[in-house]
Structures are given as C-alpha cells and as structure tokens.
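Visitor: So you can see what is in the structure, the chains are spelled out below.
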Amino acid sequence: MLSKAKLWLSLAFGTLLMWSAGAHAAWELNMPRGVTQISRETYDLHMTIFWWMIAIGVVVFGVLFWSIINHRKSKGAKPATFHESTKVEIVWTLVPFLILIAMAIPATRVLTAAYDASESELDVQIIGYQWRWEYRYMDDDPNAEEVSFFSSLATSREEISNSIDKGENYLLEVDNPLVIPSNTKVRFLMTAADVLHAWWVPEFAIKKDTIPGFINESWVIVEEPGIYRGQCAELCGMEHGFMPIEVHVLEPADFEAWYAEQQQQALQVAELTNAALSMDEAMAEGAEIYSRNCVACHQANGQGMPPAFPALAGSAKATGDIGVTMDTLVNGVPGTAMAAYGRQLNPIELASIITYVRNAFGNQSGDMVQPAEVNEFIVGGQ
Amino acid sequence: MSSAAIDHAHDHDHHHGPAKGISRWLFTTNHKDIGTLYLWFSFAMFLLGGTFALVIRAELFQPGLQFVEPNFFNQMTTMHGLVMVFGAVMPAFVGLANWMIPLMIGAPDMALPRMNNWSFWILPFAFTLMVSTLFMEGGGPNFGWTFYAPLSTTYAPDSVTYFIFAVHIMGASSIMGAINVIATILNMRAPGMTLMKMPLFVWTWLITAYLLIAVMPVLAGVVTMMLFDIHFGTSFFNAAGGGDPVLFQHLFWFFGHPEVYIMILPAFGIVSAIIPTFARKRLFGYDSMVYATASIAFLSFIVWAHHMFTVGMPLAGQLFFMYATMLIAVPTGVKVFNWVATMFRGAMTFETPMLFAIAFVVLFTIGGFTGVMLAITPADFQYHDTYFVVAHFHYVLVPGAVFSLMAAAYYWLPKWTGYMYDETLGKLHFWMSFVGVNLLFFPQHFLGLAGMPRRIPDYALQFANFNWISSVGAFLFGFSQLILLLVVIKCIRGGKKATAQVWEGAQGLEWTVPSPAPYHTFETPPDPSLIKAQ
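Respectively, the protein sequence lines represent chains F and D. FYI, our numbering numbers position 377 of the first sequence as 377, with every residue one higher than the one before it. FYI, our numbering numbers position 473 of the second sequence as 1473, with every residue one higher than the one before it.
Where hints are given, some of them may not hold.
[What the hints assert, rightly or not] Below, computed lysine to aspartate or glutamate pairings styled on DMTMM-like, alpha-carbon distance capped at 25 Å:
| no. | chain 1 | residue 1 | chain 2 | residue 2 |
| --- | --- | --- | --- | --- |
| 1 | D | K1427 | D | D1527 |
| 2 | D | K1532 | F | D123 |
| 3 | D | K1197 | F | E84 |
| 4 | D | K1197 | D | E1137 |
| 5 | D | K1497 | D | E1351 |
| 6 | F | K185 | F | D116 |
| 7 | D | K1532 | F | D141 |
| 8 | D | K1197 | F | E89 |
| 9 | F | K75 | D | E1351 |
| 10 | F | K87 | D | D1287 |
| 11 | F | K73 | D | E1069 |
| 12 | D | K1497 | D | E1423 |
| 13 | F | K317 | D | E1137 |
| 14 | F | K317 | F | E261 |
| 15 | F | K166 | D | E1069 |
| 16 | D | K1532 | D | D1109 |
| 17 | F | K73 | D | E1351 |
| 18 | D | K1490 | D | E1351 |
| 19 | F | K317 | F | E271 |
| 20 | F | K73 | D | E1137 |
| 21 | F | K75 | D | E1504 |
| 22 | F | K78 | D | E1504 |
| 23 | D | K1490 | D | E1423 |
| 24 | F | K166 | F | E239 |
| 25 | F | K73 | D | D1158 |
| 26 | F | K317 | F | D280 |
| 27 | F | K185 | F | E158 |
| 28 | F | K317 | D | D1287 |
| 29 | F | K78 | D | E1351 |
| 30 | F | K185 | F | E285 |
| 31 | F | K166 | F | D280 |
| 32 | F | K75 | D | E1423 |
[Stated by the list, open to error] Label-pair restraints from in silico Cβ distances:
| no. | chain 1 | residue 1 | chain 2 | residue 2 | range |
| --- | --- | --- | --- | --- | --- |
| 33 | F | F65 | D | P1124 | 39 to 45 Å |
| 34 | F | E168 | D | F1067 | 23 to 29 Å |
| 35 | D | E1423 | F | T112 | 55 to 61 Å |
| 36 | D | L1482 | F | P306 | 56 to 62 Å |
| 37 | D | N1187 | F | A55 | 43 to 49 Å |
| 38 | F | T112 | D | F1475 | 43 to 49 Å |
| 39 | D | N1187 | F | T81 | 57 to 63 Å |
| 40 | D | K1496 | F | I105 | 57 to 63 Å |
Don't read these hints as lab results, they were simulated from the structure. Remember, it's a predicted structure, so these values are computed and weren't measured experimentally. Cβ coordinates follow ideal geometry from the N, Cα and C atoms, glycine included.
For reference, chain F alone in the conformation it holds in the complex (with noise of 0.2 Å):
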C-alpha cells in the first residue's frame, strides 16, 4: 500500500512540477494580483491566509502521516492508552484561537477600506438584464445629452458552437465596453432589471450582485490604462455563462474626448431617429441585432425553442398588427424571458429589429416602422 501512495505522491509532485515549469495562461494557479489599490490588498490578504493555512496543515498532516508510517501494528506498535488531556485541548483551542484573530485584523481593515465609496469623482449606473449590461454616466449637469449603453457579448455564435476557430478573448468580448477614466474614484451603482446577476472584475477585486428594487454601490481607482474582462457571476438563466464584461480603463484626457464623442453620438441619434430608414438598411441592420440579441431563444431560423421561447416564423405577434410587434419588442413579455428593448435599443435599431423579424424567416408582411414613429410609440407611454 505504502509503494502506492508513494507512486501517487511522485505523480502529484511531478504534475505540479510541469505547472509551474510551464508559466502558460491556461495554467494559471492563482488569483491576478490586480490593478487596484484594493484588489492588492486583497491578494496580499488571500496569500497571508493562504500560508498559513500550509503551515497548519504541515504541522497537522506531519503528526498524522508520521503516525501512520510509525505506529502500525505491522511493525509492532502496541497502543498507548492516553485517551485525554485537558491541557492539550485547552492549548489547540487557544491557539487556533489567536491565529483567527490575527487575520481578522488585517480583514475587517481591508473591508473597511473597501466599503468606504465616499468622494467619488464619477458615478457610472450598471444595470443587469438577461443577459447583458446597461451601463449609464451620471452626469453632475442635469442638461448634458445623457450618455448610456447596453453590453453584449461579442463573441459569434458560430465560435460557441464550434464551427469556426475560437477567438483569443473567447466569451469574454463584448460590442460596447464600459470606459472609464484611470487613477481617479469612480463609484459603481449597481442594480438589475429582472433576476439576480454579479458585476464581477477580478483585477478590480470586485464582485457585487445586482438586484432588482437594490442599488449597491462598489469603488475602484484603477492605476493602470488597459482592458479588463469579467463575467457574470450569479445564475441569471439559460445565458448566464455569456454576459461578459469588458471595461477600458483610459488617461482622464483620452476619457474626457471619449465622453464627448459619446454625447455628440447621442445628439446624431436623436436627428436620425427623424430620418426615414429604407427596408434595405432596415433589414440589413436587424439582422445585425437578432443576431446579437435575440439569436439565443429565437433561434437563427427563427423557429424558437417552443415553448419557453417561441418561434418567430409565422407567429401572430411577428406577421399580425404591426403595433402588437411594436409592444412586444419595446415593452417585453413580462412573467417570460422576452425582455423589454425599449431602452436596450435605440429607436433606430428597434425600428429595424421589428421590420426584421417581420420579413425574414418566411414572414412576409412586407411591412415597416420608421424610428419616429418607433419614438413615438414609447414617448407616448404605450
């Protein structure tokens, strides 16, 4: 028995060898250090704990594996007959006892720290839905053209499916990422429109649920310009393993022309929502977005998969009333996974989705919506 073990220990040993031999990503052991002050702080925190876990277990597997070796009765052992001493447990209660309390210090200061989100330079809403990200600037001037967003993921379905080559950043792409300024306190409040999900950035050290009817709020000050990727990590429904996260952190300066650019976009959408949309480019930019928002339930043939999601081809609701379409896509089905697109989309891209799924897959309605009347539609309350 002992000759195997040893096999087994050799095996393990030799295994954890070639890890660290091989410094490659998909071998990665360990939490990333991070790019925060916090998220330091909370490495630091893990490795302190981390060893001295070892160093109890070192002590504690040592006596019971020199046991083992030691005192079997093939070699003769005979037992001793010691069965108690208060001594000892009062010495192995204390002990565990002050090691706690040794780590509880430097934690309750971390957390301390990192609760504190007082004095943010930038607050910036996040909003979860199944399954994407909204994400919306708080600007201090109640005037400025607000700036916010929804995030999907990026990454096609044909990747997932394995019928092309996965990407580097696979699952972890999104359309819009979020963009904020480095080295200055953006403050995060977080909230979610339907089920429960987490906003969770590793390097950031941060992970909060969004709650639909809570709004918790979470901090950093990232030093270092760059992209960082996150997922979701709360069981939101069937594509909660594809709602990535994907912030670029930039120079304040690089921010601040960012910002306006974004204000400027959203002036031009308010202008072209007033333009006419012809069918071509309406069809060609609904494809666009079925195939990155409703592709998942409705399928890419729009057959669905009945009857939690249903098909699109021939339904009612997609060849009827064009005003029944309208509903269904800005308002949502509530009590189902149909969500409400009314802000997820612009007017735009809503009116080209609805003129979409009214003419493709079989459906020939022949009809459209112009973005104006799309506006109208939820300007008027409907």
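With chain F's structure known, arrange chain D on it following the hints.
Guide: Chain D in isolation, oriented as in the chain F frame:
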C-alpha cells in the same frame, strides 16, 4: 450463544422474522429493514445524481457547446445538487441512524416504528415527482439547488410547482426521521447507557436531529412563499410588488447553513467510531468531541449570511458574519486534532474503512482550510460564486461526507450481512475513488482563483486545461462507484463468515450481537457491564 437462546425462547410469542415478499419492505416497521431501504435508496440517488454530474463534466471537458444546451445544463446542475443533498447524503445518514442507533444504545427498535416506515416511503414519491420535471414541457428546475428568487419564481419554468411539492415531502420525511431519532435516543437507551457514554455517532445524530427540526420548517416556509408568489399573486420576493429578493437568501441560508452541518456532523460520528477501532486505542478527548459538536451546531445558526457577502450588507453585518464564521474553525480544529491524537501512538491497521476514514480526515481538513479562506470577507469577494467555492464544498461533501458513508458501509457491512466483504476490491475502490476525487476537485481551486464562475456551460480558453483534468477525474471517480455496488452484492451473497466482534479493536454494543444482526435485537436490555465509556 445465550442471545440466540433468548431469541428462540421468544419464538412462541408473536415475535417472528420478516414477512415474505414485497410486503416485507412495504409494511416493515423494523429499524434494520428501514435502514436497508434508506441505504439502497440513497445509493440509487447517488448514482442518479452522479450521472447528472457526468453530463456536466462531459460538457465542460472542452470549451464550446458540445453535448447539451445551456438551459439543460442548468437543469443538470440544479438536479445534481438537489438529488445529492436531499436524495443521497441525507437519506444515507438516516439509513445508518436507523440501523445503528438502536444497536448502539441497546434499544429493540426505533421509538416510532410506523412513522419510520412512512418517513421512508414518502421519499421515492418526492423524488419521482422532482425528477419527472425533466420530462415536462419547458424542462425541470434550472435555477440552481439554491433556487434564488426571482429566477425561481417569476422567471421559473412551470415545473417549479412540482419541485416545491417535492421539497415539502422531503422536508416532512426529514422532520419525521429527526423526531424518531430524538425520541429513540432520549427514551430508549439501555440501563447504564448514560448520555456521556453514548457512542459519538449517536451524539452527533442527536444534535443533527435538533438541527433538522429547527431548519426544515424554514425551508418549507420559503418554498411556500415561492408558491404564493407564483400562483396567488403575492410579492414576497418580487421587488416590483414591494418584495425583497434578498429576503429569500436570508431565509434560504438560515436553513442552508445548518443543512451543511446536517450533512457533516453524523460523518464526524462515523469517523470517531472507525479511527479508534483500527488504531486500537480509545478516542482521544471524547468529552471535547461532544462539546465541539454542540458548539458547531450552535454556530451554524449565526453564520448564514457568509453565503451572501456580495449582496451588499452593511459593514457591521459583514464583520459580524465574518467573525462568527471564522470561529467555526475552532471546534472543527479540535475535532481534527482529536482524531490525529487518537491515531498517534496507536497500533494501526489499514482495512478499507480505515483508509476511507483517514482520507476523510485529510481531505475534509483541506475543505476546512478553504472554508477559513472563504470566511475572510474581502477575499471572499474574489472567491464567491467561482469554482473555488465549488472545490471547497465538494471537498467537504465528497471526500468528506460521502467518504464517511463509504467508510461506514465497509465498517458495518459484515454486521449487516454476516459475511466479510472482499478486501481487495474494497481497497481498489478506495484508491480509485481517492485518485479520482482529487483529480476531479483539486484543479477546481485553480480554476476558481483564475476567475472561472460556477454554473456556466462554456468557458474562456484559459480555463481549458484544468477543466479537462477535472472531467477525467470525474469519470474515474464516477465509474469507481460501481466497484462499491459489486462489493456490496458479493458480500450479501456470501463470503467469509463474520464473527460478532468483526474488528479486533471494535468497541460498543453493536459488536456484542451476532453477525448478521438478528431481525430483533435487545428485546431485553443488554448486560450493563457491556456498556463502557467510549
């Protein structure tokens, strides 16, 4: 033997052996028969829940979606958790309680034998109800075994109602089982069997039974609130109606945390019986073991929100739950130290039960170490809901609770069947399980630290290597369990006759009755001189 003579003397009375055919099992009120039913049922559920786990690990073998749709994947994670917790681990411990508690305390049977029959026989119905949801339109529960609202209410598939009723039935079964254990231990101990002479398995089960009675009604309450939200328009957990999704988590974990101790305390009792037997030395620190168990049970009620460190509790709440959780390490440490001290300067042999018991001590302790790490709130922000947590709780539940169950099966199998099991096959089962379980769960620590969230059907490329290692381990571990099935069947059919004592170093009343234990035991109380301090 005199006990056989006594049994014979009673034969003319209305005492008799088991009924014939299926009615023996349907109508039995015999604690041994009911124990056997529980054990077979839990083993069947273990294989079923394991099959669900293998579906999960097959899908996660490589990045990309290969075998199942994400929605079905979520049904598999949910069903795996529910079946393993409520179908495999808990009923297995109840089965052992039924078989062993009367034998250990010198009682003729459980205190409430008819209720005992009922508490078992509603279980197959509960699980049929629950597993049948997989075949329903819209699929089965897909919201995780923790079924957080509103994913499990407003956004749940229609089958959630069946799930709710199944949980109600399982809860009723657990509560009845717990009442029976308490009534038996408090009322039916043989003369001379004082509380502080009871084997630790009896002690840990007594405390576990109180935990069950305290928290199962909370679980029943929370699923009933879900039922009302879904069907009767209430808004307990619906924010849009003024409800509170976080309230769900507080209620669930007020049940859920004691629940994890329900699954581990009896394991402590088993290991505390096996280690002294094969070390041929009395258990070190019996009294402190009892007090440590009671302390853990008490603490289990005031640590629930450590499962919720990321919900945004106020700082004071976070600190309270962090400190309280860290405290659990103290009594748990005492237990581990006591087991090691029992082995120290013993005269050990390494039969299969001992191998499983030693693996339990080592691997459960590794799960304990990661438990202390998880208690540290700021670090938990990084660990929470990742594979690090998955690795942690599987280390305490699989090489923890499940290994203790296997140790118990090998330890008492000769007493149940009257034959020795095949030691070579037993050791093969142990080593395959040991290698498999570590290959399966150890790499998951690395995955979690590197950032892989739990409950995802597909993952980024940097997680590929450890995932395939984990999947290989899963299949090795899973198929190794068929060896256990083979060992048990072989042992029932025959083999070397077991003596009453079975193990050279075994202590306790169960070893004073013949092997196999007669259908009726301790119809008259055992000789008080047989009852020794543990």
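Visitor: Each hint: holds or not?
Guide: How the hints compare with the structure:
| no. | hint | result |
| --- | --- | --- |
| 1 | D:K1427 - D:D1527 | 36 Å, violated |
| 2 | D:K1532 - F:D123 | 69 Å, violated |
| 3 | D:K1197 - F:E84 | 15 Å, holds |
| 4 | D:K1197 - D:E1137 | 55 Å, violated |
| 5 | D:K1497 - D:E1351 | 17 Å, holds |
| 6 | F:K185 - F:D116 | 11 Å, holds |
| 7 | D:K1532 - F:D141 | 81 Å, violated |
| 8 | D:K1197 - F:E89 | 20 Å, holds |
| 9 | F:K75 - D:E1351 | 16 Å, holds |
| 10 | F:K87 - D:D1287 | 14 Å, holds |
| 11 | F:K73 - D:E1069 | 55 Å, violated |
| 12 | D:K1497 - D:E1423 | 14 Å, holds |
| 13 | F:K317 - D:E1137 | 22 Å, holds |
| 14 | F:K317 - F:E261 | 38 Å, violated |
| 15 | F:K166 - D:E1069 | 18 Å, holds |
| 16 | D:K1532 - D:D1109 | 21 Å, holds |
| 17 | F:K73 - D:E1351 | 12 Å, holds |
| 18 | D:K1490 - D:E1351 | 18 Å, holds |
| 19 | F:K317 - F:E271 | 30 Å, violated |
| 20 | F:K73 - D:E1137 | 61 Å, violated |
| 21 | F:K75 - D:E1504 | 17 Å, holds |
| 22 | F:K78 - D:E1504 | 14 Å, holds |
| 23 | D:K1490 - D:E1423 | 11 Å, holds |
| 24 | F:K166 - F:E239 | 18 Å, holds |
| 25 | F:K73 - D:D1158 | 60 Å, violated |
| 26 | F:K317 - F:D280 | 22 Å, holds |
| 27 | F:K185 - F:E158 | 39 Å, violated |
| 28 | F:K317 - D:D1287 | 71 Å, violated |
| 29 | F:K78 - D:E1351 | 18 Å, holds |
| 30 | F:K185 - F:E285 | 37 Å, violated |
| 31 | F:K166 - F:D280 | 31 Å, violated |
| 32 | F:K75 - D:E1423 | 21 Å, holds |
| 33 | F:F65 - D:P1124: 39 to 45 Å | 44 Å, holds |
| 34 | F:E168 - D:F1067: 23 to 29 Å | 25 Å, holds |
| 35 | D:E1423 - F:T112: 55 to 61 Å | 57 Å, holds |
| 36 | D:L1482 - F:P306: 56 to 62 Å | 38 Å, violated |
| 37 | D:N1187 - F:A55: 43 to 49 Å | 47 Å, holds |
| 38 | F:T112 - D:F1475: 43 to 49 Å | 46 Å, holds |
| 39 | D:N1187 - F:T81: 57 to 63 Å | 34 Å, violated |
| 40 | D:K1496 - F:I105: 57 to 63 Å | 59 Å, holds |
In this structure, the hints that do not hold are numbers 1, 2, 4, 7, 11, 14, 19, 20, 25, 27, 28, 30, 31, 36 and 39, in rising order.
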